[in-house]
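> Take these sequences, add in the hints, and give me the full structure.
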Amino acid sequence: DAGVTQSPTHLIKTRGQQVTLRCSPKSGHDTVSWYQQALGQGPQFIFQYYEEEERQRGNFPDRFSGHQFPNYSSELNVNALLLGDSALYLCASSMGGQGYNEQFFGPGTRLTVL
Amino acid sequence: SQQGEEDPQALSIQEGENATMNCSYKTSINNLQWYRQNSGRGLVHLILIRSNEREKHSGRLRVTLDTSKKSSSLLITASRAADTASYFCATDNTNAGKSTFGDGTTLTVKP
Chain A
6 DAGVTQSPTH LIKTRGQQVT LRCSPKSGHD TVSWYQQALG QGPQFIFQYY EEEERQRGNF
66 PDRFSGHQFP NYSSELNVNA LLLGDSALYL CASSMGGQGY NEQFFGPGTR LTVL
Chain B
14 SQQGEEDPQA LSIQEGENAT MNCSYKTSIN NLQWYRQNSG RGLVHLILIR SNEREKHSGR
74 LRVTLDTSKK SSSLLITASR AADTASYFCA TDNTNAGKST FGDGTTLTVK P
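Chains as they are written, first to last, in our numbering: chain A, 6 to 119; chain B, 14 to 124.
Keep in mind the hints are simulated off the structure, nothing from the lab.
Keep in mind that a hint or two might mislead.
As the list claims (entries may be wrong) - Listed below are the simulated DSBU-like cross-link pairs for lysine-lysine, each with C-alpha atoms no more than 35 Å apart in a straight line:
1) A:LYS31 with A:LYS18
2) A:LYS18 with B:LYS83
3) B:LYS69 with B:LYS82
4) B:LYS123 with B:LYS69
5) B:LYS83 with B:LYS39
6) B:LYS39 with B:LYS123
7) B:LYS69 with A:LYS18
8) B:LYS123 with B:LYS83
9) A:LYS31 with B:LYS69
Unchecked claim - Not the full set, but computed from the structure, chain A residues with beta-carbon under 8 Å of chain B:
10) SER38
11) GLN46
12) PHE50
13) ALA92
14) LEU95
What the hints assert, rightly or not - Footprint (simulated), chain A over chain B, 3 or more residues, beta carbon under 8 Å:
15) 66-75
16) 87-97
Here a beta-carbon is modelled for each residue, glycine too, at the ideal position from N, C-alpha and C.
In structure tokens form, the structure reads like this:
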């Protein structure tokens, strides 16, 4: 049973560029959440997707957008990259609507903005 | 501001000793989860404890929750060098899976 997978593992971009990160949830999970983790800090919630819709959003600008596909996989898009967007981006999957919040995290994508 | 705050920020112990980490939070929660993270990799889920539970065990891990004090503790017994990692608590006050993390406790277990 594959866990949560993310791609790519590492990514280097320059300021102003756009990036797309991908996530496949754990088998049987239908909810995907995205987090940003800066060095030395805890993960910060970006948004969550369930039934192909953004269900919750954290305090992130509109430059951060996402999508969920019918197979529950998800993408995180960041436009007009800033140096401060450099971070580890984590995807977590869970089962929505059942009152269980146990989340399983992927290995993350390390984004470096130069 | 972060919902959960871990204490201490860093902890260094000898192999075989017990390690205790604490987490405080500010608002009412549905559940609280503890995670481990090794060297900037993905988070590994350790234990979920619900607001109506007071204590849970999993192997060498023991988690307590005191909702009156808005605090939780994670105890790792008979620590091993492989337990060296950062430990995070995450709280959730909805059933939607959004978790609010603290900045973690960095545990170093010396062989």
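> Give a verdict on every hint.
So, going through the hints one by one against the coordinates:
no., hint, verdict
1, A:LYS31 with A:LYS18, "holds, 28 Å"
2, A:LYS18 with B:LYS83, "violated, 41 Å"
3, B:LYS69 with B:LYS82, "holds, 17 Å"
4, B:LYS123 with B:LYS69, "holds, 26 Å"
5, B:LYS83 with B:LYS39, "holds, 7 Å"
6, B:LYS39 with B:LYS123, "holds, 33 Å"
7, B:LYS69 with A:LYS18, "violated, 44 Å"
8, B:LYS123 with B:LYS83, "holds, 31 Å"
9, A:LYS31 with B:LYS69, "holds, 24 Å"
10, SER38, "holds, 6 Å"
11, GLN46, "holds, 5 Å"
12, PHE50, "holds, 5 Å"
13, ALA92, "violated, 10 Å"
14, LEU95, "holds, 6 Å"
15, 66-75, "violated (count 0)"
16, 87-97, "violated (count 0)"
The structure is inconsistent with the numbered hints 2, 7, 13, 15 and 16, although it conforms to all the rest.
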